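**Student:** For reference, the chains in residue letters:
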Amino acid sequence: MNQTNRKVWGDLLFRGLTALFAAGIAVIFFAMIVVLWQQSQPSIHKFGFSFLTNADWNPVLEKFGALIPIVGTLTSTALALLFAIPLSLGIALFLAELAPAWLRAPFGTAIELLAAIPSIVYGMWGLFVLSPLMADHVQPWLKAHFGFLPFFDGPCMGIGMLTAGLVLTLMIIPFIASVTRDIFLMVPQSLKEAAYGMGGTTWEVVRDIMIPYGKKGIAGAVFLGMGRALGETMAVTFVIGNAYHLSWSIFAPGNSIASTLANEFTEADGVVYLSSLIELGLVLFLITFTVLGLAQLWLRRSQGVKK
Amino acid sequence: MMSKSVRRRLANSVALTLSTLAAGVGLFMLTWILGDVARKGIMAINWQFFTELPAPPGMEGGGLANAIVGTLLMTLVAALIAVPFGMLAGTYLAEFGRNPLGRTVRFLSDILVSAPSIVVGVFVYLVLVKPLQHFSGWAGACSLAIIMLPVVSRTTEEMLKLVPPEMREAALALGAPYWRMMAGVIYRAAGAGIFTGIMLAVARVAGETAPLLFTALNSPYWMQGMNEPMANLTVVLFNYAMSPYDDWHTLAWGAAFLITMAVLAVNILTRLMLASKRR
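Those protein sequence lines, which keep their order, are chains A and B. To convert, note that position 91 of the first sequence is 91 in the numbering used here; the numbers rise steadily by one, no gaps. To convert, note that position 174 of the second sequence is 1174 in the numbering used here; the numbers rise steadily by one, no gaps.
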């Protein structure tokens, strides 16, 4: 073999090898869906679509419905987004426009460090520090002032949907805030200067120029945080209360898909029980796949604007 | 009746104050959580904590030595699997990835980065634990590797793309084959960045709990080998924090302190390293 030939073969081999491993990532992804789908067959077969709408979760009678974990997942995530979106937008605005230059880098790092703290530490802190605080001060106050609303009904136990939502809020703030800051920083200087030149106040420039300019990216950032919150396990498992009943009250304990899996998976005996849990996992994976897919789509489009 | 200009200025100050307040809340929460973890955790840290096995409930003392070893070992094995795999995949994305395969893998990696880690645990349970009928350190390491993989491949891609095209052209002009150019020039140029990404990925999986719950499980004994259930800090933390014993709560705070400090140290050090490199 001459040298040119060897070079061609070497390059082909290199390209083939890297392609193999890149394809490996896709294979793992699809293998996850296929394996989860196959192993949830006993449950899919037995319960069909009613699995998604049934609120029974009874291991003794082997009757399983995912409604309560699904509602719990969506409720805790919705609460988290309710608090996290305004806070993150505020932080992003502070980092991009208001903070003095010397403060931006260290402060940005501090916010990103919130994302580095392991989720189990958030959960433990939520259980031992935040929950007692909620039970003794926050929930009684809310009940005294807004108790006529069904959302603030029931005993103040500390653990429950509201606390889970608050812990999730802390965990997703760094994701939404740092992506939104980057999007604010992508707004062309000339656009902002033009608006300032017309006499706009900082807030008006943010509201009328920066937010509309970056709205796809901000939507992407929010969906990214939402995807994180939907699948978060340990932090939620500690504080959500692990109870199977539906309630209008956000003080009530509940369950999320992830916390159900964390609590029950190793104890599941019986084919139907285990495969119902696996089907829950599949449902969670498909929901987060959709949400994170939309997030990527929007984030990419907003980056396309930059180029 | 307020004049329009006063109203606009008022709206402005309200918005800016709220924004600064939000930033203050963020910083306050960070210091609050870290402060609690440090205050409660440092009491549990002593010589025993690092050298002894867990004590049964009610007994004094005991440590988490086996869990520390287990976490280090599983994280190391996960890195040994995920780093070469992820770097090769990332190389493809950076160098040859402008095609449907590249686009698909990039999209799926970005989703896997944020995908629920507990589902990865379920998947590995079904593939490696259920068929073999036993929990194992290998299964734990594999689920951590799956979580690391997309992070490593995406950072590798980003870092390779930052290498100036002139360096590639110079190497290729010398007649180097593509793979020689990559191995001898490009990986070296991107090395510091890739290393940073790997360290951040390691720090992230070292604090993961959910994927270990049904794969490595836990164990009160010294390591019996990678084929056996393996103690690890995060699952121990979970079990101890959920237990009714005060001694165990103290140890759990100790574990939380140890994990948090290690993860934050890696994060801060790699950031400082990157910053000094850029200058």
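These are computed hints drawn from the structure, not numbers from a lab. Keep in mind that a hint or two might mislead.
Derived PhoX-like pairs: lysine-lysine, alpha-carbon spacing no greater than 25 Å straight-line [as the list claims (entries may be wrong)]:
(1) B:1130 with A:63
(2) B:1161 with B:1277
(3) B:1004 with A:7
(4) A:63 with A:46
(5) A:192 with B:1277
(6) A:192 with A:216
In this text, all values refer to a predicted model and were calculated from it rather than measured experimentally.
**Student:** Each of the hints needs a verdict: does it hold here or not?
**Tutor:** Hint by hint, here is what the structure shows:
1. With a C-alpha separation of about 23 Å, the suggested pairing of residue 1130 of chain B with residue 63 of chain A holds against the 25 Å cut-off.
2. About 17 Å separates the Cα atoms of residue 1161 of chain B and residue 1277 of chain B, which keeps this hinted pair within 25 Å; it holds.
3. Note on residue 1004 of chain B and residue 7 of chain A: the hinted pairing is violated, with a Cα-Cα distance of about 73 Å set against a maximum of 25 Å.
4. For the hint pairing residue 63 of chain A with residue 46 of chain A, the CA-to-CA distance comes to about 9 Å; that is within 25 Å, so the pair holds.
5. Between residue 192 of chain A and residue 1277 of chain B the alpha-carbon distance is near 32 Å, which puts this suggested pair outside the 25 Å criterion.
6. Pair hint residue 192 of chain A plus residue 216 of chain A holds up; C-alpha atoms about 18 Å apart against a cutoff of 25 Å.
Hint compliance for this structure: hints 3, 5 are not met, and every other hint is.
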